[in-house]
Amino acid sequence: MSGAAEDLELALELADVADAITLARFRAADLVVETKPDLTPVSEADTAVERAVRDRLAAVRPGDSILGEEYGASEGFERERRWIVDPIDGTKNYVRGIPVWATLLALQEGGRVTVGVASAPALGRRWWAGQGLGAFGADGLSSEPRRLRVSAVRALEDAQLCISGFDGWDERGGLEGLLALGRRCWRTRGFGDFWNYMLVAEGVAEIGCEAIVSLWDLAAPQVIVEEAGGRFTDLGGVPTPDGGDALATNGLLHEEALALVGR
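Using this note's numbering, the first residue of the sequence shown is number 1188, and each one after it goes up by one.
It is worth saying that the hints were derived from the structure and are not from the lab.
Ideal Cβ placement from N, Cα and C applies to all residues, glycine included.
Hints are supplied without guarantee of correctness; some may be wrong.
[As the list claims (entries may be wrong)] Cross-link-like lysine to aspartate or glutamate pairs, in silico, DMTMM-like; alpha carbons within 20 Å at most: (1) Lys1279 <-> Glu1231; (2) Lys1279 <-> Glu1221; (3) Lys1279 <-> Asp1225; (4) Lys1279 <-> Asp1354.
[Claimed, not checked] Restraint ranges, calculated between C-beta atoms of paired labels, are given here: (5) Arg1450 <-> Gly1327: 35 to 41 Å; (6) Ser1401 <-> Arg1376: 21 to 27 Å; (7) Arg1376 <-> Ala1446: 19 to 25 Å; (8) Gly1297 <-> Asp1345: 34 to 40 Å; (9) Pro1228 <-> Gly1321: 31 to 37 Å; (10) Ile1285 <-> Gly1369: 20 to 26 Å; (11) Asp1242 <-> Glu1196: 15 to 21 Å; (12) Ala1192 <-> Arg1374: 35 to 41 Å.
Between the sequences and the hints, there should be enough to build the whole structure, so can you do that?
As structure tokens, then:
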């Protein structure tokens, strides 16, 4: 087994650990929720998942560093290999009992994301990819994972646009551009967060974008979209998950979409 395949297998094992924690506390009447300094919620499940993932990585990959949403960067964060962890992407959904949330796990090597997993157990869905290994998804509808490929749609008028909402777009002065893109597209839906990008990777949507977002939200989706044949950049057109915003497409519509919502 190659190094990338071993890392991907580990990421899938970590997702299993995370799913057991998140599902056990989802919709629990006594779920403990606090407010972080940025006024966003954090649940006991968020912190429990990140602690469990950190403990497991410390045991099996002691030479790797870690960046997590809840506990920040570990010592040696400048190391070549670093794991990026979003214990629950979609915490606002999680605490309100909405099943659209996922644990996001990624490995970044030398600035390049090489492994990514997005696991959404309340939806019965999981997506994963490794650089050069392809992108795959499992949904419980079939016994075997299926290979993911982006769509072949070539016109915005035939494209489906996915957004998390208008939050952030007005703040950065990009709302008019987003509305212009939405008017050009066949259909616009707000599926939210990680799911925007997974739908692009599956080929059932063509464009997903967000105006304000963090590295841990994007690292896993980037490699999944790219391994499915799509393009993933920030709104400046740079292929990075660390630009503070994001645009994922089937590749064929990227430049046209970027011309409308780019910065």
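Here's how the hints hold up against the structure:
1. Lys1279 <-> Glu1231: holds, 13 Å
2. Lys1279 <-> Glu1221: holds, 11 Å
3. Lys1279 <-> Asp1225: holds, 13 Å
4. Lys1279 <-> Asp1354: holds, 14 Å
5. Arg1450 <-> Gly1327: 35 to 41 Å: Holds, at about 39 Å.
6. Ser1401 <-> Arg1376: 21 to 27 Å: Holds - the Cβ-Cβ distance for serine 1401 and arginine 1376, about 23 Å, lies within 21 to 27 Å.
7. Arg1376 <-> Ala1446: 19 to 25 Å: holds, 22 Å
8. Gly1297 <-> Asp1345: 34 to 40 Å: With a Cβ separation near 38 Å, glycine 1297 and aspartate 1345 satisfy 34 to 40 Å, so the hint holds.
9. Pro1228 <-> Gly1321: 31 to 37 Å: Once the Cβ atoms are compared, 35 Å apart, the range 31 to 37 Å for glycine 1321 and proline 1228 holds.
10. Ile1285 <-> Gly1369: 20 to 26 Å: Taking Cβ atoms as reference, isoleucine 1285 and glycine 1369 lie about 23 Å apart, which means the hint holds.
11. Asp1242 <-> Glu1196: 15 to 21 Å: holds, 18 Å
12. Ala1192 <-> Arg1374: 35 to 41 Å: Given about 37 Å between the Cβ atoms, the range holds.
Of the numbered hints stated above, none is contradicted by the structure.
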